[in-house]
Amino acid sequence: MDANVLSVSQYLQIVNAVLREHVPSGEIVVEGEISGFTVKDGKWIIFDLKDEQDAKTKVACFGTTYKILGAFENGMKVRVFGYPTVKPWSTFQIDVQRIDPVGEGALKRAYELLKKKLEAEGLFDAGRKRALPRFPERIGLITSRDAAAYGDFLRILNNRWGGVEVAFCSVRVQGKDAVSEILEAFDAFDAMSPEERPDLLVLTRGGGSLEDLHAFNDEAVARAVYGSKIPVVCGVGHERDESLCDFVADVRASTPSNAAERVVPNRRDMDYEIAMMTRRAEERLFEIAAHHKRMVERATRTVSFALDRERQRMLVLSRRSQDAFASWASRLRDRVLSYDRVLRQLDPTRVLARGYSIVTVGGRVVADASLLEIGAEIAVQLSRGSVDAEVIRTNGKGKQKMI
Amino acid sequence: MAKGKINFQKAIEELEAITEWFEGTEVDLDEGLKKFERALELASACKEKMDEFENKVKEIKKKFADI
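Residue numbers (UniProt numbering), protein chains in the order written: chain A, 1 to 403; chain B, 1 to 67.
It is possible that some hints are incorrect.
Claimed, not checked - Subject to a maximum C-alpha distance of 25 Å in a straight line, what follows is the list of computed DSS-like cross-link-like pairs (lysine-lysine):
id, chain 1, residue 1, chain 2, residue 2
1, A, Lys50, A, Lys67
2, A, Lys229, B, Lys61
3, A, Lys293, B, Lys35
Derived from the structure by calculation, the hints contain no laboratory data.
Throw the hints in and build the complete structure from the sequences for me.
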């Protein structure tokens, strides 16, 4: 009987085809403990999955860091999802698609390891955290419509502030689809045009166990928060809960309600703030007005004081000038009187009264006898009355004196 | 300023700038009166905006949801 002759490659192809067809890989996961865990060149993940009961029984596992996110270490209990393959070098291995830590202990450990890894990469750096706008007009909300978080967030938002448009993207926040739906939501917001893009994103859900919160501790989700073009506020769980998304987010809120408090101001606070600002401006304005008033008053006082002083000076001056005038006037009168006396002495009528006479010819006073002709008529003015006479002799010459 | 159509952020920033201006030492009375009038206008516009109590919720589709 002739057997079919196959090459080694052909043989392995058949084996792999059978493995693929008959192992129900889509429906099973293999649970075991990680040992010999290595990451080669930052790309290849290689480890053995040990049977928990029998340490000698193990299967080789192979995966890529591109596909498998998270952090693992030896001794960690995990569930591996992947496809069985026999490699050309005859190794049987599982091509790993996903690794899920099992149990609270492993989850915690995986969480711690991943946290350390992301922190070392700088995803939590305070320096890269973006500030939120003080008064957002559009808020992107990523949460489940069915979660209490949804109602809490919107209620507190409404209590505090109005006129905001909430672009809501409903996602599952736990279970196996949570991660992919949250990632899609981030993609949807990132793909928006700058005009319709919200001012900030809020990723939120209520509290829960580490297993419930797994989507918020997922490396891909953490990286989506990190890579978001829009600032992200993360509010997960109760006060004490923490998630990796919290650390990566630009702003960490403690609860869904707190997220609302972090993204919008409170009407009452703003009312008070605005009132304080206008009041401060008003007070300053009054201060300035009062200052001006004081200046005007001071100027008025200064001016009236100067006027007073001037009036006083004028008074003194006028008094002095009056005095001066009075003394001047009396001196003037004295002088006038003395002139009067002199003038009176010179009065010709007073001279005539003393017995002198004035001789005139044709109205002109004659003072020289030689100028008179013999026989000329002269007028002689006496103190009382006048005499007309004829010259009979001048200076002894003329008509003989009758002796 | 159109009614209810103010940019709250800008209005508050302007109000803060005016308040700051008033804190300065050299304040002119005429200028001060003008600015104070503006401050009151901004404050009342802000208050009007704060009287809006409604927030609108609009659901958006995830982009790759149907792929």
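Hints the structure fails to honour | No hint contradicted; all consistent.
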